[in-house]
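Assemble chains B, C and D onto chain A, guided by the hints.
Number of protein chains: 4
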Amino acid sequence: MTTHNFVPAAYHHVLATLPPALTVESGDVVVTETIDANGWDKHGDKVWKAGNPMNGPIAIVGAQPGDTLKVEILSVTPSRATGWTRAALAANVVEPEFARQLPPRDRAIWRIDRNAQTATLAHSGGAGQLTLPLAPMIGCFGVAPAGGQAISTATSAEHGGNMDYRRFGPGTTAWFPVAAPGALFFLGDCHALQGDGEIVGTGIETACEVAVRLSFEKRSIVWPRGETERDIFTIGNARPLEQALQHATTEMVRWLAEMGLDLVAASHLLGQAVRYDIGNVYDPAYTVACRLNKNWLPR
Amino acid sequence: MTTHNFVPAAYHHVLATLPPALTVESGDVVVTETIDANGWDKHGDKVWKAGNPMNGPIAIVGAQPGDTLKVEILSVTPSRATGWTRAALAANVVEPEFARQLPPRDRAIWRIDRNAQTATLAHSGGAGQLTLPLAPMIGCFGVAPAGGQAISTATSAEHGGNMDYRRFGPGTTAWFPVAAPGALFFLGDCHALQGDGEIVGTGIETACEVAVRLSFEKRSIVWPRGETERDIFTIGNARPLEQALQHATTEMVRWLAEMGLDLVAASHLLGQAVRYDIGNVYDPAYTVACRLNKNWLPR
Amino acid sequence: MTTHNFVPAAYHHVLATLPPALTVESGDVVVTETIDANGWDKHGDKVWKAGNPMNGPIAIVGAQPGDTLKVEILSVTPSRATGWTRAALAANVVEPEFARQLPPRDRAIWRIDRNAQTATLAHSGGAGQLTLPLAPMIGCFGVAPAGGQAISTATSAEHGGNMDYRRFGPGTTAWFPVAAPGALFFLGDCHALQGDGEIVGTGIETACEVAVRLSFEKRSIVWPRGETERDIFTIGNARPLEQALQHATTEMVRWLAEMGLDLVAASHLLGQAVRYDIGNVYDPAYTVACRLNKNWLPR
Amino acid sequence: MTTHNFVPAAYHHVLATLPPALTVESGDVVVTETIDANGWDKHGDKVWKAGNPMNGPIAIVGAQPGDTLKVEILSVTPSRATGWTRAALAANVVEPEFARQLPPRDRAIWRIDRNAQTATLAHSGGAGQLTLPLAPMIGCFGVAPAGGQAISTATSAEHGGNMDYRRFGPGTTAWFPVAAPGALFFLGDCHALQGDGEIVGTGIETACEVAVRLSFEKRSIVWPRGETERDIFTIGNARPLEQALQHATTEMVRWLAEMGLDLVAASHLLGQAVRYDIGNVYDPAYTVACRLNKNWLPR
Chain A
1 MTTHNFVPAA YHHVLATLPP ALTVESGDVV VTETIDANGW DKHGDKVWKA
51 GNPMNGPIAI VGAQPGDTLK VEILSVTPSR ATGWTRAALA ANVVEPEFAR
101 QLPPRDRAIW RIDRNAQTAT LAHSGGAGQL TLPLAPMIGC FGVAPAGGQA
151 ISTATSAEHG GNMDYRRFGP GTTAWFPVAA PGALFFLGDC HALQGDGEIV
201 GTGIETACEV AVRLSFEKRS IVWPRGETER DIFTIGNARP LEQALQHATT
251 EMVRWLAEMG LDLVAASHLL GQAVRYDIGN VYDPAYTVAC RLNKNWLPR
Chain B
300 MTTHNFVPAA YHHVLATLPP ALTVESGDVV VTETIDANGW DKHGDKVWKA
350 GNPMNGPIAI VGAQPGDTLK VEILSVTPSR ATGWTRAALA ANVVEPEFAR
400 QLPPRDRAIW RIDRNAQTAT LAHSGGAGQL TLPLAPMIGC FGVAPAGGQA
450 ISTATSAEHG GNMDYRRFGP GTTAWFPVAA PGALFFLGDC HALQGDGEIV
500 GTGIETACEV AVRLSFEKRS IVWPRGETER DIFTIGNARP LEQALQHATT
550 EMVRWLAEMG LDLVAASHLL GQAVRYDIGN VYDPAYTVAC RLNKNWLPR
Chain C
599 MTTHNFVPAA YHHVLATLPP ALTVESGDVV VTETIDANGW DKHGDKVWKA
649 GNPMNGPIAI VGAQPGDTLK VEILSVTPSR ATGWTRAALA ANVVEPEFAR
699 QLPPRDRAIW RIDRNAQTAT LAHSGGAGQL TLPLAPMIGC FGVAPAGGQA
749 ISTATSAEHG GNMDYRRFGP GTTAWFPVAA PGALFFLGDC HALQGDGEIV
799 GTGIETACEV AVRLSFEKRS IVWPRGETER DIFTIGNARP LEQALQHATT
849 EMVRWLAEMG LDLVAASHLL GQAVRYDIGN VYDPAYTVAC RLNKNWLPR
Chain D
898 MTTHNFVPAA YHHVLATLPP ALTVESGDVV VTETIDANGW DKHGDKVWKA
948 GNPMNGPIAI VGAQPGDTLK VEILSVTPSR ATGWTRAALA ANVVEPEFAR
998 QLPPRDRAIW RIDRNAQTAT LAHSGGAGQL TLPLAPMIGC FGVAPAGGQA
1048 ISTATSAEHG GNMDYRRFGP GTTAWFPVAA PGALFFLGDC HALQGDGEIV
1098 GTGIETACEV AVRLSFEKRS IVWPRGETER DIFTIGNARP LEQALQHATT
1148 EMVRWLAEMG LDLVAASHLL GQAVRYDIGN VYDPAYTVAC RLNKNWLPR
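Protein chains in written order, with my numbering: chain A, 1 to 299; chain B, 300 to 598; chain C, 599 to 897; chain D, 898 to 1196.
Rather than coming from a laboratory, the hints here were simulated on the basis of the structure.
Cβ atoms here follow ideal geometry from the backbone N, Cα and C, with glycine treated the same way.
Take these hints with a grain of salt, some might be off.
To be verified - A short, non-exhaustive set of chain B residues, derived as facing chain A with CB atoms under 7 Å:
hint, residue
1, S378
2, R379
3, A380
Claimed, not checked - Within a straight-line C-alpha distance of at most 30 Å, the following computed DSBU-like cross-link-like pairs (lysine-lysine) qualify:
hint, chain 1, residue 1, chain 2, residue 2
4, C, K647, B, K517
5, B, K348, C, K816
6, B, K593, B, K517
To be verified - Quick list of simulated restraints, FRET-style, between CB atoms:
hint, chain 1, residue 1, chain 2, residue 2, range
7, C, R703, B, W595, 31 to 39 Å
8, C, A714, D, T1125, 37 to 45 Å
9, A, R230, C, M857, 53 to 61 Å
So here's chain A without its partners, still in its complex pose:
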């Protein structure tokens, strides 16, 4: 196993079949620094155009369409002392007529304290100072999509992309369906913290150092999957929320079938034990996770 320190020479605003910026063996670790959603790096310098610029693509030798890319998230560490958010709820997460009252979508700056593992908002309206614990995560990552598509890093689909799901943090393993030779992995748009739904349109956007182990498996999946210490989960990316939930649930049924559960057994288990999380309800495609405690899985 090799550890690669990957310093991008350029960033990308689409996930697509592009020439690899780095090629690794299955099982290698990649350490890289991501810039924030607006293209600011760890020094606060504007190094790239806004819009979720991605590090990558990273090719994994031997990965072929129909395989699955396994991404073990080893660490996500904010590398800047500040992060930024938007100061107003998105218009689509409140009642339509209420949207008329929303404040401007100004940018607000949070202080990130890596020792205390907190983020603090210096100015926060009537709320006084607001301090929340960090929970770093990767906002946008995935692989080159199928059929020659180049999909904007504003959105997400079967290939992953801008899912903004807070459980994609350190300790989580993610899987993506490989659709291009080499898989072509991209990552970026890390958040120091984010609520469900990304309902102000941002997490706490900041530069991060990220370490991932990349490997491929000779099996096929349709939608992204994940595993934390306690749970497994599947991801659906679509509008409306109900369709995202349908994709996630259907992928979980497929996963349970691989474990030997028929549709009746899967229905019973999910019916009484499933958990749903909302990744984002802001991007062009929303993200829903279908999650299950590993205690209830067949042995």
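Showing chains B, C and D alone in chain A's frame:
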């Protein structure tokens, strides 16, 4: 404070302005036995027509339209050794074309062990025996709706109703907007356990003994609210999921405003700390909860 | 056949199983004057509370649950020289962020010229005077719903209600599923004219004289149906639009099955010849019509 | 003005910034033959992979991002004696539980009679022979999208794409927002006829000869627009239907503003005179048209 042991002479399939079956003082406790969603009682006898038959209405002396009914859920205890569920995912929670493969929606019987606090499915397809911990909850409760409406216990709205949210269990306090003199509280359709979304169309449906303390407050809310030991939450009931989420989020913004947070402060707090839960994605109106850890509330 | 001149003593804000205000024989004609959505009558006097007050209920002797009520709309004639509308698009029919720019929802008064059969807006912003041809229609009508429900005249469901579909005008026949003895027909909320979707939240709201022939048929339908000189149509009432469309399409498939078309034949016909109309995209339940030219029906 | 007879050497499954296959001057006419959605040409030979293969891209000299491409559809003529459709309603256009009953999605062959201008289904289940009048249209066309995206011809967005709207036929003018130098126009997937919504997932799919005049204008639009002899219309492409309708309505408001109508005037006009059409309710992004009779436009 008085404790009333309420034995219904009849049940109801709508929440409406009906003659009270019991009248209590604000602050009184009511203990009552609910029958299950199909009208089976604790002995397994069919005592009423299926369709979420409700105990009630219970009038609270002095409650007026514009007030808020506070319902402290003191206990929800399964009173039968069995519960039942449906054996197939609902067609609307999987991809539309996948729905063609779903098994029949047979009824399955779970054994409820009150000592072990578990539910066990005797027959469960390829899964062998499935045992899950109990987490009793009230599936359907609320007050008479406004404007002379009589709303089916199949669905839900501002008045509450069939929300099927698993956090409506013992220890939770719920609030409902009073729309009729006396508030006219109804409850029923308890579940020994239920996954998010009620995606097989049922929780583990069983008879329960329920104790609630009922009181009213001279303040107004628009949508149901709740509080657990750790969190506060607001409820939106509507289709599609996005609209349910909009109602819940807007109600939470109103609640935070009552605590002194303006729209910018509320946006910052919710943006980075909110949690969303899906009560049900099965009934005519879906239920979404907007939830917030009380640690982050202004003091 | 008898013609009844029905003068309501009271109006209703729910469709429900209420004591009949008039009882007629199957095949009788009822002539009645409706007041407008805000309760103003043909003289411009406020005679009832706002919110789509309904004339009725009218019982049809012999109609039983499971039957179908046939409503032939013989005439709908504005009886006042003015009508009113709202002056702003509803927030839910524009892009969410655009909603912040919408003007206030002021009331605007149109002059109705019954000789010229036109409506003219005296003041219309940058548009100068706006004159449009009348196309009178019934905004809200239907029957008592099932199961003791009392459904607000703000919304609609299987029983009909506030559908705001412009093809429910003179010459159209509508059918509703009978759910209570006597059917219990209600009508009101007539519009002198309305665009698709009722996207300002109103048509041109005015008092009307309406004549309908009411009769029942010994057959069952699930959702409202209609027939014009050229087309047949079925109605779905639900949120979101896709669900309203699903109900309407499914009901049309059932209707074609009654005419002898199996699912393959119905798929071919609808696939290449169906038309969809949007009744309203404003009320709590939206309305979609699935429409088919009678030329293509089997003989 | 020049007329180009364009014979593609290759087809494309994405709309993207690809090297032009043909370059024309603004105002030139292009005549070209499209193959059908499955890659069958006018002789019934399989010449390309299925999935809406596109002719193009065609560059228009001088067109720049921010300009608008004008496409006058001069003719769309089926060039094969047969077309094909699917024999079952899509699962998402019927009630979810009803989807279990749908027949297989077999392919059916229609006879196209260019003299009679009809399409006839040889075998059509219980319906006997079905003959419908031709109404040829372009299913998928548009320009290279912004930001280096390559968008599948299965779907649609601001750039156009797979809209499946029956009013995109001969005599209609369409406009698209130019996002890449030269505009880069693509077209294909023509239908001899199609119902609203493309609810079996196809129109009558066939090869066509198409003539279009291409020119660019120095003005900006956000979503596709169109004009027929009687109407103007705007297009929204998104899921769910409500969002597609929101985009279309908002674009129409912008168009009316260009004609001098402020938001109040536009609200009044659209509120009482708008028509909505559903292009497709089948593709990943649905298509809704917001349509207005030109009689009501300001002079």
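So, going through the hints one by one against the coordinates:
1. Because the closest C-beta pair between S378 (chain B) and chain A is about 19 Å apart, greater than 7 Å, the hint is violated.
2. For R379 (chain B), the interface hint is violated, since its Cβ never comes within 7 Å of a Cβ in chain A; the closest pair sits about 17 Å apart.
3. Look at A380 (chain B): its Cβ only gets to about 17 Å from chain A, farther than 7 Å, so that hint breaks.
4. Of the pairs offered as hints, the one joining K647 (chain C) and K517 (chain B) holds, with about 26 Å between alpha carbons and a cut-off of 30 Å not exceeded.
5. Restraint check for K348 (chain B) and K816 (chain C): satisfied, since their Cα atoms lie roughly 26 Å apart, inside the 30 Å limit.
6. Between K593 (chain B) and K517 (chain B) the alpha-carbon distance is near 23 Å, which keeps this suggested pair within the 30 Å criterion.
7. Hint check: R703 (chain C) to W595 (chain B), Cβ distance near 36 Å, so the stated range 31 to 39 Å holds.
8. Under the hint 37 to 45 Å, the C-beta atoms of A714 (chain C) and T1125 (chain D), about 27 Å apart, miss the expected range.
9. At about 56 Å, the beta-carbon gap between R230 (chain A) and M857 (chain C) stays in the expected band of 53 to 61 Å.
Checked against the numbered hints given earlier, this structure breaks hints 1, 2, 3, 8; the rest are met.
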